[in-house]
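Novice: Next come the chains, spelled out residue by residue.
Protein chains: 2
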Amino acid sequence: MIRVLLVHDTELMRSALTALLDREEDIEVVAESWESAPDRARAQRPHVCVVDVDCPGASRLPSRPVDRDCALLVLATTARPGSLRRAAEAKALGFVDKDAQPLQLPRAIRLMATGRRYVDGTLALDLLRAATAPLTPRELGVLSLAAKGASAPEIARSLRLSIGTVRNYMCAITRKTGARNRIDAIRISRDAGWV
Amino acid sequence: MIRVLLVHDTELMRSALTALLDREEDIEVVAESWESAPDRARAQRPHVCVVDVDCPGASRLPSRPVDRDCALLVLATTARPGSLRRAAEAKALGFVDKDAQPLQLPRAIRLMATGRRYVDGTLALDLLRAATAPLTPRELGVLSLAAKGASAPEIARSLRLSIGTVRNYMCAITRKTGARNRIDAIRISRDAGWV
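Residue numbers (UniProt numbering), protein chains in the order written: chain B, 1 to 195; chain Y, 1 to 195.
Chain B on its own, in the form it takes in the complex (with noise of 0.2 angstroms):
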């Protein structure tokens, strides 16, 4: 039997998707959400946790929500590869398309059980995407202020900086984006989820 976790932000959606994966004789899922998921992964030793990349928790994802003997799959779409660098540094070793064939999910779940990996070739351009990332880690750290609405004064002394310092950073990064201007630059990064 395959053990998996599965994390997502809403019962709804956790129920609907621990449905999906009853069917399958070989896999029992139990479902958490991203708060209950760290001790529910230390009493039931999954082998695989499944999580949707796109949720707002999973913002969370570099820091794993389970321990290091399970391996990671994630749910995501194309045209993040944002999302799918948080899952790349958080070391997830399946990335499943929302938008494929269901039944690759049960797949994709037994070849991770038996230590293999799995990439959708729908998401693989935007891995290569997130592999080289446009935006230096200082740069998102700017940007990622800057989209919640902190002032340039306020970034830099939130970042030790200087104010011509943090101004430098959004042209280089408003330039890097391909963006008309700031708000431009925030809502190509949100869209690609970098912020």
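These are calculated hints, taken from the structure and not from any lab test.
Among the clues, some could well be false.
[Claimed, not checked] Result set (DSSO-like, lysine-lysine): computed pairs, CA atoms no more than 30 angstroms apart in a straight line:
| id | chain 1 | residue 1 | chain 2 | residue 2 |
| --- | --- | --- | --- | --- |
| 1 | B | K91 | B | K148 |
| 2 | B | K148 | B | K176 |
| 3 | Y | K148 | B | K176 |
| 4 | B | K176 | B | K91 |
| 5 | Y | K176 | B | K148 |
| 6 | Y | K176 | Y | K91 |
| 7 | Y | K91 | Y | K148 |
| 8 | Y | K148 | Y | K176 |
| 9 | B | K148 | Y | K91 |
Small disclaimer: the values here were computed from a predicted structure and weren't measured.
With the hints as your guide, set chain Y onto chain B.
Specialist: Below, chain Y alone, put in the same frame as chain B:
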């Protein structure tokens, strides 16, 4: 038999929600994308149409994916009154909280199939907020262009306003949303589902 048309952006979530509802003997589900839903609705004549109001495709909601005879039930999360507003404008009669017990969904479907309404108590306050939208339709128009990265002159041209008027709208929007600046106003409005 209650015929349900389920509309969601991704194949996996359509299949998962179908698996959940397939457990109910009196409910028959067909799941479709936003593109194919109108055709399917004409062929299937569903009693209830279930849509996830937080998925990107739901921005088409005011034009209704289905015909007038079908009761619209939306799956929603708290703290996004803008999404509920779109649902209300599309004449939704059912509002199910995605964090409620999953059995609420078939219960709500049954109520609506007999012509009744259903609102989860947890969404009631958000519906009140949705009814008293903080922004006017004109302000929402300005804001949604700004959120896409348009500059004040571009917004002015697009909406046939003077640049000064656009700036006045942006100031009103920032004040009404309690934001620190324009970027913050866009973030707050997006999180609430207004744009």
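Novice: Can you give the numbers of the hints that this structure goes against, from lowest to highest?
Specialist: Violated hint: only 9; rest satisfied.
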